[in-house]
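Trainee: Sequence:
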Amino acid sequence: TAAREKAVQELEDLVESEGLAAKLREEVEDKVMEMREGAARMALELEELEEAVRKAKEAYDAAAVKLVTAHQEGVAALSFNAESFTELEAQSKEAELLVSLIERSLAKAEQSYGEGRAQLAKLQE
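Here the working numbering is used: the first residue of the sequence shown is 633, the next is one more, and so on.
Wrong hints could be hidden among the right ones.
Stated by the list, open to error - Across the chosen pairs, the derived CB separations fall in these ranges: (1) E735 x A653: 55 to 63 Å; (2) A675 x E728: 32 to 40 Å; (3) M665 x E690: 31 to 39 Å; (4) V664 x E728: 50 to 58 Å; (5) S744 x M665: 19 to 27 Å.
As the list claims (entries may be wrong) - Calculated pairs, DSSO-like style, for lysine-lysine (alpha carbon to alpha carbon, straight line, at most 30 Å): (6) K638 x K689; (7) K687 x K740; (8) K754 x K740; (9) K725 x K698.
These are computed hints drawn from the structure, not numbers from a lab. Beta carbons: idealized from backbone N, C-alpha and C, even for Gly.
Whole structure, please, built from the sequences with the hints as guidance.
Mentor: In structure tokens:
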């Protein structure tokens, strides 16, 4: 009968729409899982960047101390011979170069760290 066919068709339509909804729900759950995994990876990368920044700051501090020490020794060496002064001057220039390289490395690491934190914040929204 027509009523029976209509009921069967409505049931088939309902089953089909439920199947589509389940598929959509599964796709959304997959995307959420991907985002969570991405956030976890970014959190790990941020921890690694934080460690790199910490090490760069330690290296910077050590180089700064070396630079100050070389400068102080250079000033004290004025009373010594020219060879000692030249050696201390070379050490001072080397320390200045090291400080410059570390400053650039630190700036890059801090920039990457900031970008990573911003991306992680977006993923966690």
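Trainee: Would you mind marking each hint as holding or not holding in the structure?
Mentor: Okay, the hints, checked on the actual structure:
1. In this structure, E735 and A653 meet the distance hint of 55 to 63 Å, their C-beta atoms being roughly 56 Å apart.
2. Taken as a hint, the range 32 to 40 Å holds for the pair A675 and E728, whose Cβ atoms sit roughly 37 Å apart.
3. Evaluation of the 31 to 39 Å hint for M665 and E690 yields a pass: the beta carbon distance comes to about 38 Å.
4. Judged by the Cβ atoms, the range 50 to 58 Å given for V664 and E728 holds: they are separated by roughly 51 Å.
5. Between S744 and M665 the Cβ separation comes to about 26 Å, which falls inside the hinted range of 19 to 27 Å.
6. This hinted pair does not check out: K638 and K689 have alpha carbons roughly 75 Å apart, beyond 30 Å.
7. Proximity of K687 to K740 is assessed by CA-CA distance (about 13 Å); at most 30 Å being required, the pair is judged to hold.
8. As the CA atoms of K754 and K740 are separated by approximately 21 Å, the hinted pair is consistent with the 30 Å bound.
9. In summary, the hint linking K725 to K698 is supported, as the alpha carbons are separated by about 11 Å, within the 30 Å threshold.
Hint 6 alone, counting from the list given before, is not met by this structure.
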